[in-house]
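Enquirer: Sequence:
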Amino acid sequence: MFLPMTIVAQDRVFAYTYQSNVLNKGDFDLEFQNTLRTGKVGAYSPYIFGQHLDQRLELEFGLGKKVQTAFYFNSELFHYADSSSSDMEQELDISFSNEWKWKFADPVANSVGAALYGEIEVGGSNVELEGKLIIDKQFQKDLFAMNLVGRYEVEKEVSRVGNVTKVQRNHNSPLEFDFAYMHFIRPFIGLGAELRNVNDITKENGWMNSVWFVGPAFHATIGKCFVNFSALPQLCNVHKTDSAPGSRDLNDFEATEFRLLVGYSF
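Okay, so the sequence shown: first residue is 1 according to our numbering, each after it adds one.
No lab work stands behind these hints: they were computed from the structure. No false leads were slipped in.
Per label pair, the in silico range of CB-to-CB distance:
| id | residue 1 | residue 2 | range |
| --- | --- | --- | --- |
| 1 | I185 | S83 | 40 to 50 Å |
| 2 | P46 | V164 | 19 to 29 Å |
| 3 | D252 | L191 | 28 to 38 Å |
Beta carbons: idealized from backbone N, C-alpha and C, even for Gly.
Construct all of the structure, not just a fragment, from the sequences and the given hints.
Expert: Laid out in structure tokens, this is it:
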């Protein structure tokens with residue numbers, strides 16, 4: 001039976017979509033993730049240039065009994081320019097995260113694999129809670145995965161009007177649906193695709209958009225090192241509102257996302 005060894009070497013072969021597998025007790029991974037989000041311009045965007053570089057450094061540990069945990073150091077750098085400025089501006093956000101993952105069913109031994117995922121992120125101006133339901137299925141050369149993702153975010157925003165400084169807390173609860181497929185052309189090399197649907201929902205404005213991304217995915221394992229890469233252009237916005245009236249939403253999202261995840265399994 002042809003079974004990709006990548007499935008047992010680490011718990012991820014996609015850049016965005018998670019799988020149900022967890023690390024064995026005593027194993028740990030070191031992962032570095034880079035996400036470039038570019039093309040934040042368009043007819044309905046306030047920016048003439050906008051680009052994000054998101055980076056995450058992760059230490060992931062297998063605890064046994066089908067449980068793993070991880071700790072993240074996160075940075076998000078936003079370069080932008082709008083019509084009111086002649087200079088390039090930038091914003092840098094730093095945060096820390098703790099992740100827990102519980103596996104309930106195996107994608108090979110059972111009808112489907114299943115796991116629950118929880119993460120808390122704390123930064124200087126934001127707190128975020130995230131939960132995932134992970135479903136996947138492994139065949140001989142093919143892997144299917146689906147994530148149902150819910151978040152609750154509280155972000156502090158400071159504004160100054162004249163001599164008055166105001167602090168406002170924004171409450172967001174976005175929903176996301178991730179779908180992925182990988183075909184392993186070799187035991188350590190896979191080609192596939194990822195499909196994402198992201199829905200911004202805020203306390204102040206309700207359901208603001210429903211944006212779809214789709215693109216190719218690649219995975220490779222070389223010894224104890226592994227690489228996951230996906231390129232996801234924004235396909236369309238299927239829920240148009242006053243804040244996102246276009247066929248794509250280039251105000252809250254970018255035209256294309258690229259994510260590279262490089263890791264080492266100890």
